[in-house]
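Use the sequences and the hints to build the structure in full.
Sequences listed follow chains G and B, in order.
One point on numbering: in this note's numbering, the residue at position 349 of the first sequence is 349, and numbering is uninterrupted.
One point on numbering: in this note's numbering, the residue at position 95 of the second sequence is 95, and numbering is uninterrupted.
Derived from the structure by calculation, the hints contain no laboratory data.
Any given hint might turn out to be false.
Note: identical chains are not told apart, hence a pair may lie in one copy or across any two.
[Said to hold, decoys possible] With a cut-off of at most 30 Å between alpha-carbon atoms, the simulated BS3-like pairs for lysine-lysine come out as follows: (1) Lys176 <-> Lys17; (2) Lys257 <-> Lys420; (3) Lys257 <-> Lys17; (4) Lys176 <-> Lys257; (5) Lys17 <-> Lys420.
Protein chains: 2
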Amino acid sequence: MQHEPLHLDPGNLYTDKVGANGLSPECLNVLRPSLTAAHGAIHARVQSGELPFLRLHEDRATLDRVLEAASAARARFDDLVVLGIGGSSLGGRALIAALGGAGLRVHFPDNLDPDRFGALIDGLDLDRTQWNAISKSGGTLETIAQLLVVREQAAARLGGYGSLASRLVVTTDPQKGFLRRLARRDGLESFEVPPCVGGRFSVFTPVGLYPAAAAGVDLEGVFRGMAWAAERLASPDPAENPALAAAGLLYSLDVDKGRPVIATVPYADSLRATAEWFAQLWAESLGKAGRGPVPITAVGATDQHSQLQLWMEGPPNMVVAFIEVDRCDRAMPIPAADLGDDPDVAWMVGHDMGHILRMEKRGTAEALTRAGRPNLTWRMPAVTPESIGAWMLITQAMTAYAGGLYGVDPFDQPGVEAGKIIARRLLSQR
Amino acid sequence: MQHEPLHLDPGNLYTDKVGANGLSPECLNVLRPSLTAAHGAIHARVQSGELPFLRLHEDRATLDRVLEAASAARARFDDLVVLGIGGSSLGGRALIAALGGAGLRVHFPDNLDPDRFGALIDGLDLDRTQWNAISKSGGTLETIAQLLVVREQAAARLGGYGSLASRLVVTTDPQKGFLRRLARRDGLESFEVPPCVGGRFSVFTPVGLYPAAAAGVDLEGVFRGMAWAAERLASPDPAENPALAAAGLLYSLDVDKGRPVIATVPYADSLRATAEWFAQLWAESLGKAGRGPVPITAVGATDQHSQLQLWMEGPPNMVVAFIEVDRCDRAMPIPAADLGDDPDVAWMVGHDMGHILRMEKRGTAEALTRAGRPNLTWRMPAVTPESIGAWMLITQAMTAYAGGLYGVDPFDQPGVEAGKIIARRLLSQR
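What follows is the structure, given as structure tokens:
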């Protein structure tokens with residue numbers, strides 16, 4: 001019986017399970033000096049306040065403000081639309097997909113696609129809709145373009161640009177940028193993104209917290225999970241700090257064993273967005289200087305029917321990271337009725353659907369292991385706020401530690417500017 | 001001006017654009033004997049009837065039956081639930097996401113997750129809901145488990161197991177398996193999956209056609225696109241057959257240039273599911289015998305904010321395949337209102353949102369090219385039935401040709417059985 005909100009089982013990464021494709025049992029000991037250095041470097045900056053992303057659960061004041069604002073919004077609105085893209089959307093979307101309750105319907109257009117964005121706006125009762133424009137810099141192209149269109153719609157359908165002001169919440173830098181200027185000019189409700197927290201590490205700032213609270217996510221539980229995780233993260237010993245162990249193992253599998261591709265595979269539909277959030281975090285933090293791993297996402301059992309063939313017999317460049325959930329919310333036994341004698345039916349009758357799903361995960365993991373394909377499992381007792389809070393903080397720390405191991409800065413993204421500059425030049429050629 | 005439904009632009013794969021990371025301009029000529037052999041082997045089997053998946057647009061009788069059944073269903077039902085998983089879901093889902101019109105709401109639970117499946121069933125008016133159980137073999141675990149639960153629900157809420165019979169359509173093998181037995185016993189409406197068409201190549205059989213027709217997809221247009229594509233596929237010359245050219249180029253980039261990872265990146269939200277359908281097709285067909293490429297999916301501009309850093313500066317193991325759409329359905333100019341003087345706003349004002357999206361794609365492609373990162377573009381004049389039909393047939397042929405180049409059978413999936421057997425053993429340990 002597992003009482004902790006999260007447990008890392010890396011057993012199927014080692015040589016005794018997967019043979020020569022696996023890691024030596026001494027792997028983490030050999031890597032110990034690098035792990036200690038990576039841990040020390042990150043946590044020194046956390047302690048100094050330079051990297052607050054691992055201490056956001058201590059910010060009770062922000063949580064209280066978010067909860068209060070969300071409570072007011074739930075009384076007045078039916079829908080919340082998050083105007084943002086990438087890191088401004090993925091964290092909140094993940095929290096809501098996993099944990100969303102009886103709150104507002106929250107929409108993440110997350111792109112500049114006029115067909116989808118237009119269809120979304122058409123279907124809303126603008127009087128009963130709140131908008132949350134989120135951009136750390138305050139100047140993100142897609143976010144501003146979405147906002148300008150929404151202002152025009154509000155003017156047309158609610159009677160004037162001013163009608164949007166009481167329905168618009170801005171989440172951005174405390175001082176700088178277009179959104180902050182607009183908030184000041186129009187007296188908008190606003191939240192701050194701490195300047196030292198990067199976009200992809202911002203899920204536990206109001207960037208992710210406000211939409212989640214509006215959707216009815218139990219953020220108190222999420223913060224308990226973060227606090228539990230933070231205690232583990234304090235240790236520089238990979239036996240006690242699962243983020244440090246996982247960073248070391250995945251790094252070794254890439255660099256020493258030629259396995260840069262990591263597939264994150266939850267066996268729960270509600271965790272698909274969580275896996276997508278992680279893929280973004282891992283890709284943008286570590287993919288630089290011609291190195292870094294390649295994250296992909298999948299969901300079990302669905303993608304047993306699409307990607308499993310590749311994981312089992314494709315090129316030996318992959319690691320599969322499962323997320324196994326011990327208990328689903330809903331019991332759903334498979335009934336037989338008048339079909340129990342059919343041989344294709346009899347063997348599954350009476351089993352719970354969630355139990356079958358778990359056994360499919362275990363069968364897949366065991367088959368991969370027997371085929372010499374390294375895999376690990378994150379286990380959660382259920383999809384709870386505590387487990388999700390813990391996993392999302394642990395994987396953020398894991399990403400930061402991995403930056404140290406790879407020798408890259410996990411907090412920058414120097415490769416994304418060039419395309420923006422070219423796009424802007426193309427647009428100027430009217 | 002592009003008049004054809006689909007155009008392949010491989011220019012940014014070559015050395016003159018991306019330097020030493022690229023392919024020689026002679027690449028396809030050098031590969032010509034292998035391409036000719038791969039093309040000849042596949043099309044001989046197509047001609048003989050052994051591989052009908054490239055000639056399904058000639059099956060007018062099936063299309064007529066599907067359209068007639070869907071027309072009747074639209075008069076009687078509001079919702080259609082597809083009971084299936086993997087190849088039985090992905091094709092229909094892709095067609096509907098790209099082209100869905102004013103038809104039934106179609107749901108794809110696509111898993112055994114009791115929380116999501118239960119929530120879906122709870123929300124339906126069972127009297128006005130049709131069910132389409134799809135399994136090529138007729139014995140897929142997940143599909144049967146879903147169906148058994150639905151029968152129980154129908155018995156409880158509609159009054160007896162028999163009440164489901166007139167609301168259930170089965171799509172399966174013409175002769176064998178549990179679903180065919182059930183269809184015979186209960187006199188169910190049914191469609192056939194041709195025995196020689198594999199699950200992941202079945203989108204243009206009733207597996208994908210019936211759900212798409214129910215959703216109001218213009219299948220006549222899709223078939224026109226398939227017919228256009230089939231004319232190109234007839235040629236063994238890669239200059240005339242874009243599927244053959246793309247297969248050769250992607251194979252060379254993997255085997256000769258160490259780039260096994262292929263990211264499919266449409267710049268249209270409605271094509272995300274199409275990219276996911278392709279990932280499944282490519283992964284399960286080619287990932288075997290320790291070889292094969294690793295497909296990942298993304299959507300622009302969204303994933304410029306998550307994966308672009310990796311594509312630009314990560315390990316040199318990737319190729320990006322864009323899908324560029326020349327025209328969105330909806331014009332959505334960016335208005336300025338009272339904010340036109342702000343420097344973060346002024347430069348985008350007056351541009352159409354869809355135009356900005358296209359320029360973002362072009363900026364990204366040019367930035368990748370300048371950074372020496374090979375990329376190609378599939379261009380469509382718009383997201384039309386003709387373009388989607390063409391792309392989905394061309395990429396199926398590309399996959400089949402690539403099987404010949406890699407020396408693997410693209411139509412089997414030997415690696416997916418082991419996990420199923422273990423899961424079934426685990427389940428038997430009550």
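Which hint numbers does the structure go against, in order from smallest to largest? 1, 4
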